[in-house]
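Chain F is already provided as a structure; the job is to place chain G on it using the hints.
Line order of the protein sequences matches chains F and G. What the first sequence shows, in the working numbering, is residues 6 to 430, in sequence order. What the second sequence shows, in the working numbering, is residues 71 to 448, in sequence order.
FYI, nobody ran anything at the bench for these hints, they're computed from the structure. For each residue, glycine too, the CB sits at the ideal point set by N, CA and C. Be aware that a few hints might be false.
To be verified - Stretch by stretch, here's where chain G covers chain F in the computed footprint (C-beta under 8 Å, at least three residues): (1) 61-72; (2) 102-114; (3) 287-299; (4) 331-338.
To be verified - Restraint-style ranges between C-beta atoms, simulated for each label pair: (5) K310(F) with I261(G): 35 to 45 Å; (6) D177(F) with V227(G): 24 to 34 Å; (7) R220(F) with V320(G): 51 to 61 Å; (8) A234(G) with A149(F): 21 to 31 Å; (9) A437(G) with K315(F): 25 to 35 Å; (10) T231(G) with K329(F): 19 to 29 Å; (11) W257(G) with R369(F): 30 to 40 Å; (12) K238(G) with A402(F): 58 to 68 Å; (13) A402(F) with N236(G): 54 to 64 Å; (14) R369(F) with D220(G): 43 to 53 Å.
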Amino acid sequence: MGRMSKSHRFNPLFSKVVAVLVLVLGFLAGTGAALAPLAARAAPRLPTDPAEVLQRLPMRPGDPTARELAGLRAAVARAAGDDPLPATELAGRYFELAMARGDPRYIGYADAVMSPFAGSRAAAVLAIRGKLRQYRHDFEGALADFAGALEADPQFAAAHAWRGAIHLVRADYTAARTECDALLALDRPTLHGGCTGLLLAYSGRMEAGYAALQRALDGTREADNRLWLLTRLGEVAAWRGQPEAAERHYRAALALGIEDGYLLAAWSDFLLDQQRPAEVVKALAGWEASDGLLLRLAIAGTALKLPAAKAQVQALADRFAAAKARGDTTHRAEEARFQLHLAGNAPAALAVAAINYREQREPRDARVLLEAAVAAKDAGAAQPVRDWLKASGFEDARLRQLGAMSAQAGSVASAPPPGKPEARP
Amino acid sequence: MKAPRIFLGLFACLVAWAAAPALAHKASDSYLVLQVKGQEVAGQWDIALRDIDFAVGLDANGDGDITWGEVKARHADIATWALGRLKLARGGDCSLQVAEHLVDEHTDGAYAVLRLTGNCPSRTQDLALDYRLLFDIDQLHRGLVRLELDGVPHASVLGPTSGALNLKAGETSRLAQFGQYLVEGVWHIWIGFDHILFLLSLLLPAVLVHEARRWTGVRSFRAALVEVLWVVTAFTVAHSITLSLAAMQVIELPSRLVESAIAASVVLAAANNLWPVVERRRWLVAFGFGLIHGFGFASVLAELGLPADALVLSLLGFNVGVELGQLAIVASFLPVAFLLRSTPLYRRGIFVGGSVLTLLVSLVWLAERAFDLKLISA
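With the rest of the complex left out, here is chain F:
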């Protein structure tokens, strides 16, 4: 370029316009070239080999579970809509499968099986409907169904237990106490111990809650019950700052040999808190199909900088996108953790965690909201959790510390009013 000043260099305007156009076209062509392989990868294809396996089914027709389901379906067909009991049994079996495998398709099957009996007031029908509704986070509907079941059968202990569990999830401890007391009145010590133990632990009496769960455990030989109680004992021990006791409970639960998604999730969270990600990777090998467990696996893998972690994070992003596309909102707590710990998007994490906390208010829901609020430096958003910590007196030191941190986390506009500092009871 010449040494002329700029003011004289605008004459060949036309050539400049042409240059810009060429530039733009060049980049558009580049963009197209970059997009082409993406489109090619997503394209449907025509397989050539008839023996190519396209899809592995969750079970073979000859498997015991499949045969059992086939028998139950046949019974439903024979009843032809007159008797709801076979349908209730089949739906209950589907519900168990959904819980054990973390596979929501079975919930949809159960819903469809029960749909002809929408008008029924039978206790068993209402109970299964309540379970299906709570799975979809329709807590109001579920509470009403279990109440209806109790109207039909006042001795229906499981309905009280479910109502208690839902109230605990929503942090309505007064209502939960009523259900726990009802279980005592029905002389169901194990259910009562579980209900009361959690209620006490959530509402600021951790030691008494731990003791109640321990008593319930001592009183039952049934493996399913022991699994559940040991898992919850592990959680409570960890909140109390007793990692050795927690680990003992978790290991005892794992030793029962019953695969359980909730246990694996709680055990993994414990290990992550203990900075032991390598053991998470070992414990969760083969569980990638469950969103919740894949989340823990990806967090552990990312901490260890494993090569597989990248694909796991991408898979989670795809799954949350797919869930969003169908309007599914039951995985908000997991999505918040994903956004916070894996996507590094604190504002998005905070938004999801805050919506989740309106619906579910267990300690883990509280924790992710506090963590997101601290990361996003938004004190106001965590106010509901600090209110809960204050009202419940929940004793987990980690959560209390997060609560205090979140109160000082900037965002002057939405900070809590002075005079409401976090106080330890």
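Just chain G now, kept in the frame of chain F:
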């Protein structure tokens, strides 16, 4: 004897997972894409093989694996079953046929892909769609429908209680969508102080000439205008490119890196005014750093969410909005700067003072973003 039964079932499914670890458990969805243009219907319907198996049975040999051969043998049954549960009407029922059977993968496994063609009695009337696939056996099933009626896109999630869709012909929703994203674009350039400061740092010297190691005012307004146009155009072209690439998820960069680089670009642009290195072809600077700013716009757009059914149009709207917002800034800046260009107020106060201030602010941003600190609120 409940425990052993559960255990066996779990064992079976663990074996399956070990074989296909990347596949998720997810509620059932089908993906229906339809284009209705006049009387003509074309489209594609992706239905999970697992769902088809549950409805009509595909595993002929009972080994738990669905092979291409097993699917192929049932193509006619699959077409009859699926098309019997989808009704399209425009001035009467439209005919629908499966023109081609393919397969594809989604997050939860393999899907049958039905390529659809059809014909409707009317070319202008409203369109009605009735979707009833799988609802009788799976109430959590959803039909994710994207439908283009005479070029106007619609998207819906259809469920057991909302399986019907009625679309008015000739709706102008596309224009409304474009307008909505245009407004967002204008808004986001106005509240994006880092983008504005970068642009202003490049524009401040546009009314000046650096000759013999000192700044003097340009002689003609046209000279200043051409310089401004070059800078703004280059910035625009550059950030349009990266914004589009990022929005279409061709390139993704970590937001901390992008934000830090944007802050660095403001630092350099302001520093260049105080200690000139690049004096000519400032548009090249605008272009280079514009590429980075585009990624910044993209993160804003990601928070807004782009409608999948009108991605290009919304992207265009957002881009045009950003440009209009920019032009408004330029239009109010340039005449004032040109009038003041020869005064000490402009050359010392606005040009030097403004650049120093911009430099300081952007240095703080850079520190904040690069080291994840909170010094001043951004």
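Against the structure, the hints:
1. 61-72: Result for this restraint: holds, n = 10.
2. 102-114: holds (count 10)
3. 287-299: As far as the segment 287-299 of chain F goes, the hint holds, because 7 residues have Cβ atoms under 8 Å from chain G.
4. 331-338: holds (count 3)
5. K310(F) with I261(G): 35 to 45 Å: Since K310(F) and I261(G) have Cβ atoms about 37 Å apart, the given range 35 to 45 Å holds.
6. D177(F) with V227(G): 24 to 34 Å: holds, 31 Å
7. R220(F) with V320(G): 51 to 61 Å: With Cβ atoms ~60 Å apart, the hint holds.
8. A234(G) with A149(F): 21 to 31 Å: Since A234(G) and A149(F) have Cβ atoms about 28 Å apart, the given range 21 to 31 Å holds.
9. A437(G) with K315(F): 25 to 35 Å: holds, 29 Å
10. T231(G) with K329(F): 19 to 29 Å: holds, 20 Å
11. W257(G) with R369(F): 30 to 40 Å: holds, 37 Å
12. K238(G) with A402(F): 58 to 68 Å: holds, 60 Å
13. A402(F) with N236(G): 54 to 64 Å: The hinted range 54 to 64 Å holds for A402(F) and N236(G), with Cβ atoms some 57 Å apart.
14. R369(F) with D220(G): 43 to 53 Å: holds, 49 Å
Of the numbered hints listed earlier, not one is contradicted by the structure.
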